[in-house]
Structure formats: structure tokens, C-alpha cells
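Student: Quick mapping for you: the protein sequence lines, in order, are chains A and H.
For the first sequence, my numbering gives the first residue as 1, with consecutive numbering after it.
For the second sequence, my numbering gives the first residue as 1, with consecutive numbering after it.
These are computed hints drawn from the structure, not numbers from a lab.
Possibly wrong hints are sitting among the right ones.
Capping the alpha-carbon separation at 25 Å, the derived lysine to any residue pairs in SDA-like fashion look like this [stated by the list, open to error]: (1) H:68 - H:19; (2) A:11 - H:40; (3) H:68 - A:101; (4) A:53 - H:56; (5) H:60 - A:53; (6) A:57 - H:3; (7) A:57 - H:58; (8) H:56 - H:41; (9) H:52 - A:95; (10) A:57 - H:26; (11) A:57 - H:19; (12) A:57 - H:30; (13) A:53 - A:83; (14) H:77 - H:58; (15) A:57 - H:104; (16) H:77 - A:101; (17) H:56 - A:101; (18) H:60 - A:57.
Here are the simulated distance ranges between beta carbons [claimed, not checked]: (19) H:12 - A:40: 33 to 41 Å; (20) H:10 - A:112: 41 to 49 Å; (21) H:16 - A:52: 31 to 39 Å; (22) A:40 - H:1: 29 to 37 Å; (23) H:54 - A:110: 12 to 20 Å; (24) A:73 - H:1: 29 to 37 Å; (25) H:95 - A:57: 35 to 43 Å; (26) A:52 - H:41: 27 to 35 Å; (27) A:17 - H:59: 27 to 35 Å; (28) A:7 - H:22: 43 to 51 Å.
Just so it is clear, CB atoms sit at the ideal spot from N, CA and C, and this is done for glycine as well.
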Amino acid sequence: DAGITQSPRHKVTETGTPVTLRCHQTENHRYMYWYRQDPGHGLRLIHYSYGVKDTDKGEVSDGYSVSRSKTEDFLLTLESATSSQTSVYFCAISGGALSNQPQHFGDGTRLSIL
Amino acid sequence: GNSVTQMEGPVTLSEEAFLTINCTYTATGYPSLFWYVQYPGEGLQLLLKATKADDKGSNKGFEATYRKETTSFHLEKGSVQVSDSAVYFCALLANTGNQFYFGTGTSLTVIP
């Protein structure tokens, strides 16, 4: 199994509070991704990173920011959480398009915002 | 643009029945194609992949053939088991850029 660890695995918080989710990899992959999974929507890309300090927006980036100060860590921050951000969040890693390699996923973080 | 369209679920089958989950795609260039499986409470796991036209990916009795002429990558299994109950996602990786595109998922329930 690919070495991907997401933390925390579960979190309950209140509207308006900041929340940071962490993704840690031990595979030294260049690309890291954050998705949210909601019923009826499948997986939607929030942000991704193509290297240290290099990030780009996905289709549902509003209300989220990311940072990648080290190859192995990719942080997702909700600056001021809203109930619409209640979801399951998945981190994924990849060697990139040139490698034709698949993404590997973490086990997810279930986030509830009350 | 790039997109994946997947068969709507949920799908319910009896054990040992034949399974087909349809997947079609739109992509620029020559994408790689994947099927992922997600069991309850877990992340997505790669099930199989194909990286060029006419390639057949296979794993655990599941198969899918990359059909460029019909832009399809349908998932099949000849005899499903209760343990195959899960959500299945079709995905593509375009050969330009590094984003993956996922279908909305198809829930499969196999009853004894």
C-alpha cells in the first residue's frame, strides 16, 4: 500500500472556526491532491500541488487554501468553516502524467461542521 | 475538455451474476484510464488500468478494455461475489496536465 496518512481521521467543529487537515506521504511523489467526496457528486478536486510551494486550484477551491512546504506534507485549510464544507476529504498522490501512474489515496478525513 | 460519464446506480445483482458498469470519456489527446473501487469507510483503491488503445486491464476477475473508437472503458466481471459490493469509479488521466477526472461512481450491491 502507498504510504499516505491523513490526519485527523474524524473531526467535528463549529461554523466559523479554522480547520487544517494534513496529508503525509512517504513515497516521495511529486504530485499531491485534495478532493472532497459528497453524495451525488463523486470526487471533486479542491487543490493540487506539483511540487514544494507549487499549487493550483481545482474545481471547488473557494473557501479552501493549501500549503506545501515539504515534499511529504500537503495541508488543506478551511479559514472559516461553513456547514457546506461538511464532507469526506481525501488526499491522493501521483507520480504524474508522464509516468502514466495512477493516483493512490489516503483513507479520508470525515469532517462535520455544526 | 476532459470528463468521464459513468453508468448511474445503484446496481443490485445476485451472486454469480454477470456485471457490466459502463464508462465513457471525453479527452484531449490519449489519456490513461483507470477503475477504482471504494469499500465502505475506506479510500479509493486502484482496481485496474489501461494506458493505450486496445489495452485490457484486469485484476481480481474484473476486466476493462480501452476502446478508442467508442471512447469507452466498461468494467466487466463474469461472476460477482458478495465481497464485490462497493462503489466503483472510472477515471482518466489526460496526457497533458496532471489532473485526474472521475466519474460520479456506481454503487454495486451483491446479494447472496
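Student: The hint says 29 to 37 Å between residue 73 of chain A and residue 1 of chain H; measuring C-beta to C-beta, is that right?
Tutor: 31 Å, holds
Student: Residue 12 of chain H and residue 40 of chain A, beta-carbon distance inside 33 to 41 Å?
Tutor: For residue 40 of chain A against residue 12 of chain H, whose Cβ atoms are near 18 Å apart, the range 33 to 41 Å is violated.
Student: Hey, residue 68 of chain H versus residue 101 of chain A, does the alpha-carbon distance stay inside 25 Å?
Tutor: 19 Å, holds
Student: Straight-line Cα separation of residue 56 of chain H and residue 41 of chain H no greater than 25 Å?
Tutor: 29 Å, violated
Student: Checking one constraint from the list: CA of residue 57 of chain A to CA of residue 58 of chain H, max 25 Å. Satisfied?
Tutor: 33 Å, violated
Student: Taking the beta carbons of residue 52 of chain A and residue 41 of chain H, is their distance inside 27 to 35 Å?
Tutor: 32 Å, holds
Student: Verify the proposed pairing of residue 57 of chain A with residue 3 of chain H, using a straight-line Cα cut of 25 Å.
Tutor: 17 Å, holds
Student: Taking only the CA atoms, is the gap from residue 11 of chain A to residue 40 of chain H under or equal to 25 Å?
Tutor: 18 Å, holds
Student: Is the hinted range of 29 to 37 Å satisfied by the C-beta distance from residue 40 of chain A to residue 1 of chain H?
Tutor: 21 Å, violated
Student: Taking 25 Å as the top limit, are the C-alpha atoms of residue 52 of chain H and residue 95 of chain A close enough?
Tutor: With a Cα-Cα distance of about 18 Å, the restraint between residue 52 of chain H and residue 95 of chain A holds, given a limit of 25 Å.
Student: Given the hinted pair residue 57 of chain A and residue 104 of chain H, is their alpha-carbon gap at most 25 Å?
Tutor: 20 Å, holds
Student: Would the hint linking residue 77 of chain H and residue 101 of chain A be met if the CA-CA limit is 25 Å?
Tutor: Since the Cα atoms of residue 77 of chain H and residue 101 of chain A sit roughly 23 Å apart, the hinted pair holds (cutoff 25 Å).
In summary, the structure is inconsistent with hints 4, 5, 7, 8, 11, 13, 18, 19, 20, 21, 22, 23, 25, 27 and 28 from the numbered list given earlier, while agreeing with the others.
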